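Trainee: What follows is the residue order along each chain.
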Amino acid sequence: MEREVRVWDNLKRDTEERMKKVAHLVEEGKVVKAENTVALLEGVIKPGDKVNLEGNNQKQADFLAECLCEVDPKKVYDLHMVQSVVSLKSHLDVFEKGIAKKLDFSFSGPQAGRLADFVRDGKLELGAIHTYLELFGRYYADLVPKVALVVAFEADKEGNLYTGFNTEDTPIIVEATKFKQGIVIAQVNKIVDKVPRVDIPADWVDFVIQSPKNFYIEPLFTRDPGLITDTQVLMGMMALKGVYAEYGVQSMNHGIGFFTAAIELMLPTYAEELGLKGKICSYFALNPHPTMIPAIESGWVKNIHCFGGELGMEEYVAARSDVFFIGPDGTLRSNRAYSQAAGLYAMDMFIGGTLQIDKYGNSSTATANRVAGFGGAPNMGSDAKGRRHSSDAWLKCGLEYGMQDQLLGKMPRGKKLVVQMQETFKEKMDPAFVDELDAWKLAKNANLDIPPVMVYSDDVTHYITEEGIAYFHKCVDMKEKMAAIRAIAGYTEIGLQAKEEETMDLRKRGIVKTPEDLGIDITRANRSMLAAKNIKELVEWSGGLYNPPARFRNW
Amino acid sequence: MLSWDELQKAKFTETNARERAFGLVDKGTFTEFVSPRDRMPSPHLPVLGEAIGYDDGVVTGIGLIGKRPVFVVSQEGRFIGGAVGEVHGAKMVQAIKLALKAYEDVKEKYPDSYEERLPAVVISFETGGVRLHESNAGLLAHAEVMDQIQDARGKIPIIAVIGSKVGCFGGMGFVGAATDVVIMSEQGRLGLTGPEVIEQEMGKDEFDASNKALVFRTTGGKHKYIMQDANFLVKDTVGGFYQQLQEVMKLPFAEIEKFRRIGSKELVEEQLELVKLAVELGAKDSMDVWKYYGNEDPAKLVDMGPEEFLKVAKRRERKLG
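First to last, the sequence lines map onto chains S and A. Residue numbers 0 to 554, in numbering that gives the first Met the number 0, belong to the letters of the first sequence in order. Residue numbers 0 to 320, in numbering that gives the first Met the number 0, belong to the letters of the second sequence in order.
The following block holds chain A by itself, in its conformation from the complex (with noise of 0.2 Å):
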């Protein structure tokens, strides 16, 4: 495994979810909750024969940035693809259960200096959503995280990091767009029904699934930055996400709720608007909506760097916040 300061420059998309679980927080400080030395696999697979892992694609404990406790949940897409099963599903659930119940602890025990000291949640997406293997238990787990997600609401930041190959899809797509800050990378790629799908049920016309650079013109981090589902985007390495994640642990709480997509009337009726606009706007492709914004020659978006991009990409202007 690379060291940590070795992470902070490796590329988040080549690095493996326990390696982003060390480096998305301060150095030295990460403790694993049921790490594979408690073997705690699924018990579904092997009465499929299929081959399990000890810690059932998902790696979850503790960290420190600054004097905040993050409790941090990072995806393995290399084991099922980072499907959710009732193992790992359950360990998302208890991480973000220990960060409220550590967000009492510390609002009792330092009841003035409380919000220096506020936990917060980081998962780290890479999935495709539910285990079909287990699919009654995978789709309960989801529910269960949302329901988390939901009693965190004004209490502690939820953020989610998207940029590790598989992405984030299927039911986590929904939950990922439930969390409070959705940061991503321009290989990051956010949306509910997967390509493949799409163009199964759909057809070859209505979305080409093997034409990658419309894949992820479509669902990757640069169209989300655009449009707004992302709130920020960074560099493809551990550190350019470790380094917004300390960004936004120094703004004040108010000001985490602004960052929201859905979860109120007034965001659902800028959401609305949006799918009005996708009718008359008639697009065929993301770059439309791209020079809609704003953007002149969006074809020259999809191959400028990150630095770059963020200079001259011109976004849809919120409502709110």
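Just chain S, same shape as in the assembly (with noise of 0.2 Å):
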């Protein structure tokens, strides 16, 4: 039998065709000089390459984003950036320059109106907007990264890496791109002798580069307890008893904003007097907030496992070992795509500020001419339907689903918590609650297929305002859920449309429940109740372990 002779290892001759081109740029191990960089780029990467730039939220490729805007356009162009984030100037800066013309992300943060006005402009042909995870999983199926360019803080002369606080994705990336044949170069704050610790073995690295600065980090998770206001307490102590409490919560994933940094402060204090300690917040997927440090010395945290490391909150996290994911080296190792796995299957609760709130119940932190993204709070804000283990707050949560026997007939199923915090009007007395979501606006603006939700209506099941909590999967239908909307929607237009008796009823049946329902005292609800007033008492709190930047003191 004859059998037709075919070439299975393409990708690899590739690789090696452009390996040897640039042999000569190679110091010792290794090693290429940092002014070699532009060049070093131009030989490994081709025209139409899909091209990973390492950054998320939190630690940035800088320097290599900076060298790929330098390459010349001539041979380098038509490239698929596919990147967790654009948030440096450079990430764009690309695009300008034609060097490259596709984008596929998650989240834009700093970037997101230029963003908008590239896909307007038809600088920029948009992909998709993908939740962290997402995005991750397409690494492994149509995205594969043929040149991924990544960071460490430092790297020996073989090429052994040590990401440390910082890991972050670097292992995701640089495992999708290297066992594809592709190419992995990353930038090091410092070239050692020896690494502290193997975060990504030399084989799977081809070059290191010093940088000439080291490269930045957002301490994006750092809320100063000073800026807490007196609402944020109340709505923290709603939450507290009316969700904490109630569902007996004890794994979990915090948002960023202020709510939950006010929840994270009350815990050694309200929560404490509630008789709630041992009973919640045992579990965190969760990035070293510096608000969680009184919680953490008080005694409430058992684990938490971090997306990424924070500034400042290295020392401190490294000294609590019983509490996070500590290295041999004796330092953290953060891991942003096990945490989303976590935060979206093994955490009852998501919870969270939104921006705006539409009267069906959708939640969305997108404005008309921003292209912000999603991050992770998708993933970790929906009900994980491939769950099969059960709690005691997922399955009281699915008991409660109002809409259960329609789906499933009698058949027990939990549910998990996503709650959405907000105040009924936001910054600039703009209702939080509209007729129609910003997103629909900026799907027009910015070309996209669907308007981007954040979280979905038929995932949230509980929200916040100052005047209440609506326990919004009680709901049997659509109706029912856009009351109980209105009944927490204060003084906005949609709120303005609540009828008196519609909402004593869903009072009544503890679909809508108040602070007074509650049994909360208003007139406690002021900053006396947290744990911690300032940056200044964190870093009493943690013993002086805690070395805020610059930015956060206040002293």
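Hints listed in this document are in silico derivations from the structure and should not be mistaken for laboratory results. Quick caveat, the model's predicted, so the values are computed rather than measured. All C-beta atoms, glycine included, are put in the ideal place defined by N, C-alpha and C. Just to be clear, a hint being listed does not mean it is correct.
Straight-line distance between alpha carbons at most 25 Å, and here's what the computed DSS-like set of lysine-lysine pairs gives [stated by the list, open to error]:
#1 Lys532(S) <-> Lys234(A)
#2 Lys234(A) <-> Lys212(S)
#3 Lys212(S) <-> Lys179(S)
#4 Lys193(S) <-> Lys156(S)
#5 Lys203(A) <-> Lys88(S)
#6 Lys122(S) <-> Lys45(S)
#7 Lys425(S) <-> Lys164(A)
Listed next, the stretches of chain S that the computed footprint assigns to chain A, with coverage defined by at least 3 CB atoms under 8 Å from CB atoms of chain A [unchecked claim]:
#8 120-131
#9 430-436
Now that you have both chains on their own, put them together as the hints suggest.
Mentor: Written out as structure tokens, the structure is:
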């Protein structure tokens, strides 16, 4: 029998050919000098390649991003960028210069406005906006990077990487790239003789470059307790009594806003007073929030796995290895993909702030002219349909689910608690409750297929405003859901449409609870409830181990 | 609202203007002038569609410290950043005017022992200066307060208390500097142009307003204390300020004059020497100046608690006073 002769290692041959072209740039081991980086990129990247530029909402491969902007657009063009975050100016400059053409990403933060302009003006072809896990998943399907530009604290000459406290996305990017015969280039702060621990083994890395200055990290998860308002304290008390205590929630993810910061700071005070210690808040998928320090120090927390690090928390975290995941070298290892998986499947609750809520109960942080993306919130803020293990909180929420019978008949199943918090009016007296989300306008402005919704109405279980909690999942149909939204929407246009008898009925049936219904003394809802009232007190709680960045030092 | 006893222990930065007014004078002695019940809001804000406050962001009233009537002005930073508009300014002016009237009354009634009953004015600053929504009226109010301070000169002490979140900036920074005595906490901040405005006008290299540690090192209580721009540095509690006020009230009036930082030819000359020094020293950071005044390890002072700081910090030596 004659077999057709086919080549099965094209990817490998292609990579070998590229590697040959740049062999002369390599010094000892895998080291390339910073000044040769642009030449290296021009050598290994071909037009049309899928390129991953590491960066998320924390650490950034900023030097490599800048070098990518310097390549000759006649040699390197039409790149398809696949990356977690678009947050640096250089991330969009590559499109401006015609080096890159298409983008698949997850979150954009500070560049969101410019990104919307680029999409509208046709400077950038937008693939899709993902959640982190979704994008990571596609790195292993149809978005495999040919070249990955990653970042680490240290490397040795052989290419072993130490990503340490801020390991974040590096492992999942490198694995997808390297094992599909791609090329991995790492910028590091320092090339050393021996790394403190090997986070990425040398044979998965092709080149290491010591960047001229340390990579940029954003302290995104630090909330100054000094800025928490009395209203946020009230809503935190409502959440603790009406949700945490009610369901006995033991595992959760907290958003990054001031609402959850207030809750964290009330564990040693209000929650302690309610006798909840040990009954709630034992396990977290969470970055090392400085506002968690008082709760950790008071013995509330058993376990925290981190997506990433947080500037200033290095020493504190290292000294609490009972709580955090610490390597043999004594420093934290974060990992965004694993933490997201924990957030999706192992946590009973996601709780965080939102920006806009429509009359149906869909919640979004999108504004009309900014393509901000999602990050990880939709993964954690959704009911994981694949979940099969049970817990008290999950089961109770499922038993209360008003549409369960219609969907499953007589079959018990739990439901994840997805709690969204927002004051009825935002800054500048903008109503948080609206007829139609700004996401619709954004979809039109940026040519998106669907409005970017953070959490859909069928995933949200609880809405909390200063007016009350809507136990949204208890509603039996959309009509009832809309009434529950109106009941807690205060003096917004939506709220003013509430009918008193309807609201009273919802309150009787426990679908809506006001602070009074919850037995909360509003006069106690003020900042004196917070275990720490400013950053300095967090430092004191930590016994001097927390070292806040200069921008948070009000002294 | 916290009780007077609770207030004494409460952080000054955590209290509101009314609580501070109550807590800065003897227990149970405070009476508010034109309280929110009298409803005296700004006439200008509704025209612009802005929310009003029935006290227009300032609490004024009278209380006692010992035998001395103390006229209190306490600004509220949570209402438009404590910015001074027409009504707000008028309330400040009237409080000082009343204090001056009380001075005449006391002098007439107790000609031999008036000094132990001498009125005083305490202004708790929390403001960025002029309220831009009513800028002309606000500017005028600044000038009128200055006038009153001048009229009070040599008669009754005007004491600045600076320890609230917003600090004391803009035109009110001048007013604060023109008082007789300045009491600050570490968290208090005093300056003219706010950090954000400096950054906007001069660039991030000149002053990085997002670097709070830098902002506090430059405008905060510790720096002002070392520089003698603040006469006293106290703990961040209402009680800390109240106790210092009690101490100041015990001093003979002639001593009070010595606390002034400006207001005479000699004092102006002393200030001008500082300008010269700033050029010569070429300081890049307030810590360079701290070092110049003999603080060997200035970085250490930054994290130090107030008690220890007061023990070890070396201050600029005053030529006068």
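Trainee: It remains to establish, for every hint, whether it holds in the given structure.
Mentor: Against the structure, the hints come out as follows:
For the suggested pair lysine 532(S) and lysine 234(A), the alpha carbons sit about 15 Å apart, so the restraint of at most 25 Å is met. At most 25 Å may separate the alpha-carbon atoms for a hinted pair to count; lysine 234(A) and lysine 212(S) exceed this at roughly 40 Å. For the hint linking lysine 212(S) to lysine 179(S), the alpha-carbon distance of about 31 Å lies beyond 25 Å, and the restraint is violated. Taking the CA atoms of lysine 193(S) and lysine 156(S), the gap is near 9 Å; set against the 25 Å cutoff, the hint holds.
Note on lysine 203(A) and lysine 88(S): the hinted pairing holds, with a Cα-Cα distance of about 18 Å set against a maximum of 25 Å. Restraint check for lysine 122(S) and lysine 45(S): the C-alpha separation of about 20 Å stays at or below 25 Å, so the hint holds. Between lysine 425(S) and lysine 164(A), the direct Cα distance comes to roughly 22 Å. Compliance with the 25 Å bound is thereby established for this hinted pair. Using a Cβ-Cβ cut-off of 8 Å, 0 residues of the region 120-131 of chain S lie near chain A, which falls short of the minimum of three, so the contact claim is violated.
Under the rule that three or more residues need a Cβ within less than 8 Å of chain A, the assignment of the region 430-436 of chain S is violated, with 0 such residues.
Of the hints listed earlier, those the structure fails to meet are numbers 2, 3, 8 and 9, in rising order.
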